Amino acid sequence: MSPLFTEDRVSPLDRVLGLRGVLSEFSIRLIRQNMRLAFRNARAGLPAEEVAILQRAIDDFFSLPSLPNALYVAVSFGYADLPVSKAFSVVFDKADPSRTVATQCVLRAVINEWTPIAMDGIPHEHRTVCVFDLPQGIPYLVLTLPEVTYPTGTGIEEKLFLSNQETWELRNRL
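Heads up, the sequence shown is in my numbering, so the first residue is 9 and it goes up one at a time.
None of these hints come from the bench; they were simulated from the model.
No experiment lies behind these values; they were computed from the predicted model shown.
Do not rely on the hints blindly, as some may be mistaken.
Cross-link-like lysine to any residue pairs, in silico, SDA-like; alpha carbons within 25 Å at most [claimed, not checked]: (1) Lys102 x Ala56; (2) Lys167 x Phe34; (3) Lys167 x Pro143; (4) Lys167 x Arg116; (5) Lys102 x Ser32; (6) Lys167 x Glu155; (7) Lys167 x Leu21; (8) Lys102 x Pro159; (9) Lys167 x Trp122; (10) Lys102 x Arg51; (11) Lys102 x Phe85; (12) Lys102 x Leu38; (13) Lys102 x Phe13; (14) Lys167 x Ser32; (15) Lys167 x Leu153; (16) Lys167 x Leu62; (17) Lys102 x Glu174.
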């Protein structure tokens, strides 16, 4: 991903990624089963350099190792262009930021919100489905997210935020 809207252009206070819901097992299977076909159908209308980027992202997606604490999550609008491998350290409740958990959460894959095609990162101001690795285990707070389908409906609002420690502390002081 060659970011156009980098994280450093965003106030530390606003560096939060909204989580809307956890994808159902059926939706995950649907994505995995349809990704290569969706990409083949989309290729004709894409510039060659974008085809190469998406092909790498798809290959990376299918070569992900089995992660015992991986979650497919419907994510709200990206606050910046965020690359795969971006790490977060805090998850907190949007409505009640005092409900928080320190945890390691690493972005391992990104899937287009409407077409099951892997991408090389979360684009600024776009919703996506993300595969997160939570190597320390899935926090109880994340388990409160609703189960959603793919594509995710527009009426499903963000419930939780991911951030780093600095952003959470800044928001908590308000």
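Results for each hint:
The straight-line distance between the Cα atoms of Lys102 and Ala56 is roughly 40 Å, outside the 25 Å bound, and the hint therefore fails. In summary, the hint linking Lys167 to Phe34 is supported, as the alpha carbons are separated by about 22 Å, within the 25 Å threshold. Straight-line distance between C-alpha atoms of Lys167 and Pro143 comes to about 22 Å, which keeps the hinted pair within the 25 Å bound. The suggested pairing of Lys167 with Arg116 holds, with an alpha-carbon distance near 21 Å, which does not exceed 25 Å.
At most 25 Å may separate the alpha-carbon atoms for a hinted pair to count; Lys102 and Ser32 meet this at roughly 22 Å. This hinted pair checks out: Lys167 and Glu155 have alpha carbons roughly 12 Å apart, not beyond 25 Å. As the CA atoms of Lys167 and Leu21 are separated by approximately 18 Å, the hinted pair is consistent with the 25 Å bound. Using a Cα cut-off of 25 Å, the hinted pair Lys102 and Pro159 holds, with the two alpha carbons roughly 23 Å apart.
With a C-alpha separation of about 21 Å, the suggested pair Lys167 and Trp122 falls inside the 25 Å cut-off, and the hint holds. Taking the CA atoms of Lys102 and Arg51, the gap is about 38 Å. The hint is violated against a cut of 25 Å. The straight-line distance between the Cα atoms of Lys102 and Phe85 is roughly 14 Å, inside the 25 Å bound, and the hint therefore holds. Restraint check for Lys102 and Leu38: not satisfied, since their Cα atoms lie roughly 29 Å apart, outside the 25 Å limit.
For the proposed pair Lys102 and Phe13, the alpha carbon gap of about 24 Å is at most 25 Å, so the pair holds. For a cut-off of 25 Å, the pair hint linking Lys167 to Ser32 stands: about 17 Å separates their Cα positions. With a C-alpha separation of about 7 Å, the suggested pairing of Lys167 with Leu153 holds against the 25 Å cut-off. Restraint check for Lys167 and Leu62: the C-alpha separation of about 29 Å exceeds 25 Å, so the hint is violated.
Distance restraint check for Lys102 and Glu174: the Cα-Cα separation of roughly 16 Å lies within the 25 Å cut-off, and the hinted pair is therefore satisfied.
In this structure, the hints that do not hold are numbers 1, 10, 12, 16, in rising order.
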